[in-house]
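Student: The primary structure of each chain is shown beneath.
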Amino acid sequence: MAKKLKQPSVKEQYENLNSDMKRRVQQHGTSNGQRVAKIKGSGPENPVKVLKRVLSYTFRNKFAAVMLVILIVLSSAAGAVGSFMLTFVIGAIEDMVNGVAGADQSLISWTIALICVYVVGVLSTFSYSRLMMYIAQGTLKRMRDEMFINMQYLPLRYFDTHTHGELMSRYTNDVDTLRQMLSQSVPQMISAVVTIVVVLLCMIFMSFSLTLVMLVILSVNIVCIKVIGAESSRQFLKQQVSIGKVNGFVEEMMEGQKVVKVFCHENKARENFKAINEELRISGTKANQLTNMLGPMSNILSYFQYVVVAIVGAVFFATHSIGALSLYSVAFGDGSGAFTVGDVSVLIAFLTLIRSFNQPVQQVTQQFNAIVMGLAGAERIFDIFDTPHEDKGGDITLVYGEGGIEKWSWKKPEADGTFSYIPLRGDIRFKDVIFGYTPDKIILKDISLYAKPGQKIAFVGATGAGKTTITNLINRFYDIQSGSITYDGLDIKSINKDDLRRSLGIVLQDTHLFTGTVMDNIRYGRLNATDEECIAAAKLANADYFISHLPEGYQTLIKGDGGNLSQGQRQLLAIARAMVSECPVLILDEATSSIDTRTEKLIEQGMDKLMEGRTVFVIAHRLSTVRNSQAIMVLDHGRIIERGTHDQLIAQKGVYYQLYTGAFELE
Amino acid sequence: MVKTLLKSVKQYKTVSILTPLVMIGEAAMEIIIPFLMGFLIDEITEMADTQTFSMKIVWYGLAMIGCAAFALYCGIMGGRLASKASAGFAANLRYDMYDNIQTYSFANIDNFSTASLITRITTDVSNVQLAFQMCIRMLVRAPILFIFATIMTFVISPTMGGVFIAAAVVLAIIVGIIMVRVATPFRIMFKKYDNLNRVVQEDLTAIRVVKSYVREEHEMDKMQAATQDVYNYSVKAEKLLNYLMPVVQCVIYVAMILLLIMGGNMIIDGTGLTMGNLTSLLQYMTQILTAVMLVAMCLQYISLSKGSMDRIAAVLEEKTTLPKPKAPVFEVKDGSIDFDGVSMSYLQKADVTVLSDINLHIKSGETVGIIGATGSGKSSLVSLIPRLYDVAEGSVKVGGVDVREYNLDTLRSKVAMVLQKNVLFSGSITENLKWGDENATQEEIEEACRQACADEFIRQLPGGYDYDLGQGGVNVSGGQKQRLCIARALLRKPKVIIFDDSTSAVDTKTDAMIRQSLRTHAPEVTKIIIAQRIASVEDADRIVVLDEGKITGIGTHEELLKNNAIYQEVYLSQVKGKADEEDGGEEDGEKA
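Protein chains in written order, with our numbering: chain A, 1240 to 1906; chain B, 4 to 595.
Hint data in this document are derived by calculation from the structure and do not stem from the laboratory. As the structure is a computational prediction, the values presented were derived from the model and not from experiment. We treat Cβ as the ideally placed atom computed from N, Cα and C, and that holds for glycine. Careful, some of the hints might be misleading.
Derived DEER-like restraints, expressed as beta-carbon distance ranges [what the hints assert, rightly or not]:
no., chain 1, residue 1, chain 2, residue 2, range
1, B, Asn362, A, Gln1891, 43 to 53 Å
2, B, Val172, A, Asn1285, 46 to 56 Å
3, B, Val158, A, Gly1338, 45 to 55 Å
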């Protein structure tokens, strides 16, 4: 009677399945690299510490935690005690068959007691799963939110050193393994341990010697699970490697599918795919085979245990030795040493319990792995919590219409508690700036430059010369190693970082759009801009024409980073976004690189308007874009090698001249 | 849909059918064992009366172990066969999808995005693989177990059999209701998960934009809304699921109590039920109820993977949009090209005409430049020549034959195209170049590279022609990549070669050198050059000016300068402020 045996197995299988499905569905669309990373990232470095932190993070409400543990203990104890009591009921039935006096009374009372235990069991199972659900889901929401909030304030360096896939995987895989751990593994672990303890106590109470026999066989079971488990996880790792290979290949070939067509390379591509596909098939077969073995294996071993105990028990009967070792017999037997009806019930009851013992043991071994995995994920999540935020910058803030200044000004707190106001003009100066993304690799060497309010400054140079780096320093995406950068005479480090960035409008090299309408994306530049202002900006950027040709004009939804728009159109939107932001200083990093020269000509007017009265930094590949700048800096290997106006530089017949005449190849 | 997928079982049909059969063996043993267990218990009970050790106990025990061993054998075999079948099925699915994708036209490829094709071949297939394995292992075994166990209970005691059936029906109904009701919130929850992932993904890719515009809090609001949604629907779904276990317990407990009361009475009354029977019945009861649960789970699993199945079936069922000619032509006579009244539109946006009323006749060996703004239809126009797309109206002829009459490989091997978004593959330079001609000798490769002005820089790379390009050719610069792509196309020894903005990252001098060497080395090849910069096309025999899908002018550089407004504008936008002798020299990266 394996009541307790099958119950958790159904539940466990169901939950595992469910979570497996969820994970799979969640993973849909995320790269496989994440999964590989998850498998590789084995255990956490300090499991106990992480476990403590996870638990204290999860159970902020101590009362709920205590309640939860009580309920879980009640639920599993009810199951185990129920099995044990069943034996008394059966014993009572037998007593009745044998006509023992008062057996009918004890049968009724045992049955009622059993019903009570079952009711307690059902109620506590329901309450604990409900309570756990709220706790787990609440924790996950809190964790995702906090992780995201923390992430927003991480310095850019963090994003440089971690891939998107890696960070994404913390929101998907890591949170999910943690969810599994919290809502399944931990309760199951507690419940399994409680069951094991209760059942074991009952067994010892019945027969110590049979318990020993059972434990010996059980250890064989555990060893089997362990060996197969270890081998199967090794095979799964192998399978992951094969999956990675297939994914890599498919990715590359799908990206280049059009080239495959143009070169009639289809058959060759088929052959190559066939080979690695076969490799995955083989490793997949092996990995699954072992996992599929686990179930039948432990099921059968528990039967084996059953039979051995039955035979040994029967032998004990014959040798009259069972009573001596059984507390049960001492309590209920006649003490004569001869085996009795009571002893038979002991053996039958014992056999019943054996079937309820294997399942929790198997659970403990399995859940242990899940918990280790969950902790590893938690550790990665906490890593985001623990990484120091980007510093807030200084205490100078940007204000509008204060201190007698009509427009924007810098509000600087003075030592005496008053404030002084410096009008925002857009005067930016670099003095002897040295910078490298890592200290040992200097990118910019001794850069000194000035941009007076309203000037257009251009940077020209090969890829890697340091053009984009300069703009990254103005908005303090990175901090310089030495030298100084001033903004309206103020060291940029003394300005509140958010305010500093608010004063700079940037159109980046790679245009990024967000899911939402076209209007929303333009409004991203200034959240309180009206529709009219957004449309006006779009018109200036010459984006109005293509937007009005979209199916729903400004209300057209943009999906997947604007995949349905051409690169040029996306750049036009980004320019409109910058126009709406009304920042006094503009940085245009290859803002028009994907716009053809004729369209660029068309938006030039708008661009001129955009740049009017603003300090503008322009980075461009296309030299026609920078021609009308007040100063052009030619960068080479982190140094400014030439500077001057277009005409001056042409007359100089230096590098700029060569670039301009096409003698050099940029890129 | 399921039918489409099952076609891919192929050589694994035998193992797929064998698996459930073997699983039936295991199920049968699972049924016999409790029966033997009952005998064993009866023997032990009897010992109380006889006071002697009965060898029957050992025999029953051994029989049980024997059955268990056989069940183990079946179980392991079933597991093996199932994994062989499912992994094989998955491999076939992947291959069949990949195979079909190879037959896709450009229009088909546009229809699916690259990213979605990748997910379909990888993640979706493994979802289906699991569902398939589940089906062949469990979906037969569980019902069989159910039937056997029910029969056995009826054999032992028809009354108890009735009780179990009733319990199973109640359980099935309740589980069914929960599963059905939970499906909707779960489906919504998955969508909300997608949304949440999207918010994070977008924030990550655009982190610089977020920080530049100081929009951290705005992003957090978005995230909070997303996590709240996920929370709400998870709670909704899991609340329902919470009922599952207590309900199952309830049913089992009630059945158990009934069994004890009724069975107990029968034993006491001596109406044919023994202690051993009682033990067996308890065992069968759990088996029956477990079977019900398992079937429910399998069904849920399958319904959850239905999305994946749909996506795979879509790839398998997609038919190429380029129908094969009945009597294909296997020879391209020369490099002449004729567009007669051609109009074209893309599948997804059939209402937008990309090209309309194009009439253009290009003689073999001619060099033709094409100029026009982004979106004017330049790439669309040339993509019709190697029949990457089909025309909507009119006809395109190469060598005097309609492109739709050619064997596709014949046509494409003679019409080489250097795509705008060109791709190199991981592997050495030589390997990549051999895409142009598999049997090319080293001399031929080097010659092609010399013509494409690539030989010089290749020699400077470590390993020269054996230099590894890395995935997507990341290890060379844009200009170098373009030159390699040109060399690759030249190796095809085509009759027509098309450059779709293929020298945008190459400096003007090299650009001119490439054009010069083509003129001298391949005078008979028709050359079509799409370019952003005038300099790349001004020495062409003729230049075609495209605007919004229409030809607005054809002529030489000088002619167009005189009579074509758009050409003049483009020209002026590029040479303004330049002295006449200075050639247009800006770098124009149409980078994707």
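Student: Work down the list of hints and note, for each, if the structure agrees.
Tutor: A quick look at each hint next to the structure:
no. : hint                              : result
1   : B:Asn362 to A:Gln1891: 43 to 53 Å : holds (50 Å)
2   : B:Val172 to A:Asn1285: 46 to 56 Å : holds (52 Å)
3   : B:Val158 to A:Gly1338: 45 to 55 Å : violated (29 Å)
Hint check: a violation occurs at hint 3 only; the rest are consistent with the structure.
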